[in-house]
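So you can see what is in the structure, the chains are spelled out below.
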Amino acid sequence: MSTSYDEAVWQQAREYHQLIHSGMCDVAQQQQIKTWLRADERHAECFRELEVLRRQTRYSSLGEEAFLKQKAEESTDKKRNGTLGAIAACVVCVVLFFTYQYTNEPAPLEFVTARGEIADFMLPDGSQITLGAKSHVLVNQNDRIRAVTQLAGDAIYKVTKDAQRPFVVSVDDVDVRVLGTVFEVLKRKTSVKVEVAEGHVNVSNHANYEDLTASEFVTVNDHGEFSEVGKQRSRTFANWRNQRFSFENTTIAEITEVLNRYRQDSIRLAHPEIGELVVTASFRLNQLNQFLDALQVSHDIKWHIDGTGVIWLQK
Amino acid sequence: MIVLMKSKFFDQLYQQYWPELCVRLQARFGAGPPDPEDIAQQAFCKYSELCNEQRIDNPKAFIYTVARNLFIDQFRRIDKQQQVMDQIFEELDIAPVYEDSAEQSALQTERNALIEKAISTFSEKQKQLMTMSIIEGKSYRQIAQETGLPIANISRTITAAQTLLDQTIRTWEYDGSVDNVTYLLKEGSGQ
Numbered sequence: 057m058s059t060s061y062d063e064a065v066w067q068q069a070r071e072y073h074q075l076i077h078s079g080m081c082d083v084a085q086q087q088q089i090k091t092w093l094r095a096d097e098r099h100a101e102c103f104r105e106l107e108v109l110r111r112q113t114r115y116s117s118l119g120e121e122a123f124l125k126q127k128a129e130e131s132t133d134k135k136r137n138g139t140l141g142a143i144a145a146c147v148v149c150v151v152l153f154f155t156y157q158y159t160n161e162p163a164p165l166e167f168v169t170a171r172g173e174i175a176d177f178m179l180p181d182g183s184q185i186t187l188g189a190k191s192h193v194l195v196n197q198n199d200r201i202r203a204v205t206q207l208a209g210d211a212i213y214k215v216t217k218d219a220q221r222p223f224v225v226s227v228d229d230v231d232v233r234v235l236g237t238v239f240e241v242l243k244r245k246t247s248v249k250v251e252v253a254e255g256h257v258n259v260s261n262h263a264n265y266e267d268l269t270a271s272e273f274v275t276v277n278d279h280g281e282f283s284e285v286g287k288q289r290s291r292t293f294a295n296w297r298n299q300r301f302s303f304e305n306t307t308i309a310e311i312t313e314v315l316n317r318y319r320q321d322s323i324r325l326a327h328p329e330i331g332e333l334v335v336t337a338s339f340r341l342n343q344l345n346q347f348l349d350a351l352q353v354s355h356d357i358k359w360h361i362d363g364t365g366v367i368w369l370q371k
Numbered sequence: 074m075i076v077l078m079k080s081k082f083f084d085q086l087y088q089q090y091w092p093e094l095c096v097r098l099q100a101r102f103g104a105g106p107p108d109p110e111d112i113a114q115q116a117f118c119k120y121s122e123l124c125n126e127q128r129i130d131n132p133k134a135f136i137y138t139v140a141r142n143l144f145i146d147q148f149r150r151i152d153k154q155q156q157v158m159d160q161i162f163e164e165l166d167i168a169p170v171y172e173d174s175a176e177q178s179a180l181q182t183e184r185n186a187l188i189e190k191a192i193s194t195f196s197e198k199q200k201q202l203m204t205m206s207i208i209e210g211k212s213y214r215q216i217a218q219e220t221g222l223p224i225a226n227i228s229r230t231i232t233a234a235q236t237l238l239d240q241t242i243r244t245w246e247y248d249g250s251v252d253n254v255t256y257l258l259k260e261g262s263g264q
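Protein chains in written order, with this note's numbering: chain X, 57 to 371; chain R, 74 to 264.
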């Protein structure tokens with residue numbers, strides 16, 4: 057095939073290709089294009105090549121700039137609507153105890169979340185707590201102290217600065233003491249993990265203590281032993297807020313215990329020995345089925361859902 | 074989602090590159106939505122699917138490009154003209170376009186570099202109109218309404234830009250050389 061014929065084919069292919077993408081191609085013109093495409097294989101090849109190039113150009117800097125521009129516009133719209141700083145609580149359960157009837161101490165405030173619920177709360181001193189699913193804290197604040205007892209689950213604390221009143225979170229026999237910062241406390245069956253997003257935090261029990269700064273975390277097991285202080289390299293701080301979970305060398309028992317707080321239907325183990333298997337995984341809650349399928353491939357753990365919606369894991 | 078990486082190389086790559094990738098993506102594309110970690114995971118998944126079928130010389134660059142393309146996919150608009158094209162392909166039994174997925178596009182590093190080189194010579198007007206046509210999927214009438222430009226002017230501008238793009242790629246494919254690109258770029262960069 058001669059070069060001039062090639063060039064003529066490309067020229068015609070470009071014209072027809074442009075005509076369709078202009079959005080101004082009528083039915084008669086479409087028929088004309090189809091006739092031309094049928095006439096020679098080379099016509100269809102050139103035409104297809106132009107379309108491939110056009111679609112691949114979407115992934116060029118033009119596409120990237122368009123995406124970034126749209127994000128910038130959306131961000132401006134959000135600020136304009138005044139949505140910054142909004143705190144929404146899905147379900148709030150506040151119960152006042154009367155155990156301090158012989159003193160002038162205000163009764164502690166109690167915050168509880170239901171299964172599958174994540175909620176934000178504002179404390180009297182302006183600090184904020186975000187509670188994960190099925191979590192439970194008691195808060196005691198007066199002009200001398202700011203004390204929280206975390207009884208269950210996961211919580212993020214954004215603590216307002218107050219040098220005169222340290223903010224202390226007690227979890228089992230572990231105390232987390234701060235002056236003003238953002239940190240996360242995960243209470244598990246056999247451990248307590250504290251991770252700091254901003255500021256300084258002191259974690260202590262009767263035998264040991266650690267001072268943590270931003271991006272550092274420590275785990276205290278049920279024997280009161282502290283792990284080495286770890287540095288969180290990736291952006292996984294408090295991922296459970298977005299219903300994303302990252303488990304590193306974690307037993308299936310602990311994984312199911314966490315997931316069961318965030319799901320309405322339970323996951324149960326047909327045999328306890330399944331719970332002892334250790335897994336590294338990262339997934340969103342709505343990807344649970346994929347995680348279970350992967351367990352089947354990697355550990356030969358089968359799963360099924362019974363008539364009541366409970367997921368069973370079995371060997 | 075990535076669970077129990079079986080290949081030792083993949084495991085090491087994931088451990089080493091995952092944190093850096095998340096930081097890079099967040100720095101470039103923001104905190105989300107879409108969540109940079111979600112995108113990073115999808116990119117690793119696509120790499121794990123492809124790396125057994127073909128050699129990928131630079132896994133980190135490939136994974137980053139796929140992640141970037143997945144962000145761009147979030148901007149996809151319904152392109153009626155593309156739907157017409159797909160119908161024509163189907164009716165005439167022309168192979169459908171599959172090369173435009175995030176990962177397939179990421180494999181074509183040389184081709185992508187040439188596309189970028191051609192785009193770098195576009196005038197602002199050409200970039201604007203090409204973005205409205207190709208990225209946003211707008212018809213020339215819609216572009217005319219938004220920009221106030223005559224349709225004929227829009228057509229000429231886009232035609233010149235697309236001709237430059239396609240001639241750049243064709244020259245590279247037929248000659249196996251990028252030396253001629255400079256000549257073509259000088260010739261085709263006007264409106």
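Everything labelled a hint here was simulated from the structure, so no lab data went into it.
There may be inaccurate statements among the hints.
As the list claims (entries may be wrong) - Derived, one-sided and incomplete: chain R residues facing chain X with beta-carbon distance under 10 angstroms: (1) 123; (2) 138; (3) 242.
Claimed, not checked - Derived lysine to aspartate or glutamate pairs resembling EDC-like cross-links, with alpha carbons at most 16 angstroms apart: (4) X:287 - X:310; (5) R:200 - X:121; (6) R:198 - X:121; (7) X:217 - X:173; (8) X:127 - X:105; (9) X:90 - R:159; (10) X:249 - X:304; (11) X:125 - R:146; (12) X:217 - X:181; (13) X:217 - X:228; (14) R:133 - R:93; (15) X:287 - X:254; (16) X:245 - X:181; (17) X:127 - R:209; (18) X:90 - R:166; (19) R:200 - X:120; (20) X:245 - X:267; (21) X:90 - R:164; (22) X:190 - X:218; (23) X:217 - X:254; (24) X:243 - X:231; (25) X:127 - R:108; (26) R:133 - R:84; (27) X:125 - R:209; (28) X:90 - R:172; (29) X:127 - R:146; (30) X:287 - R:164; (31) R:153 - X:82; (32) X:214 - X:173; (33) R:190 - R:146; (34) X:243 - X:281.
Positions of the beta carbon are idealized from the N, C-alpha and C atoms, including for glycine.
Among all the numbered hints in the text so far, which are the ones the structure does not match?
Hints 1, 4, 7, 8, 13, 16, 20, 22, 28, 30, 32 and 33 contradicted; others consistent.
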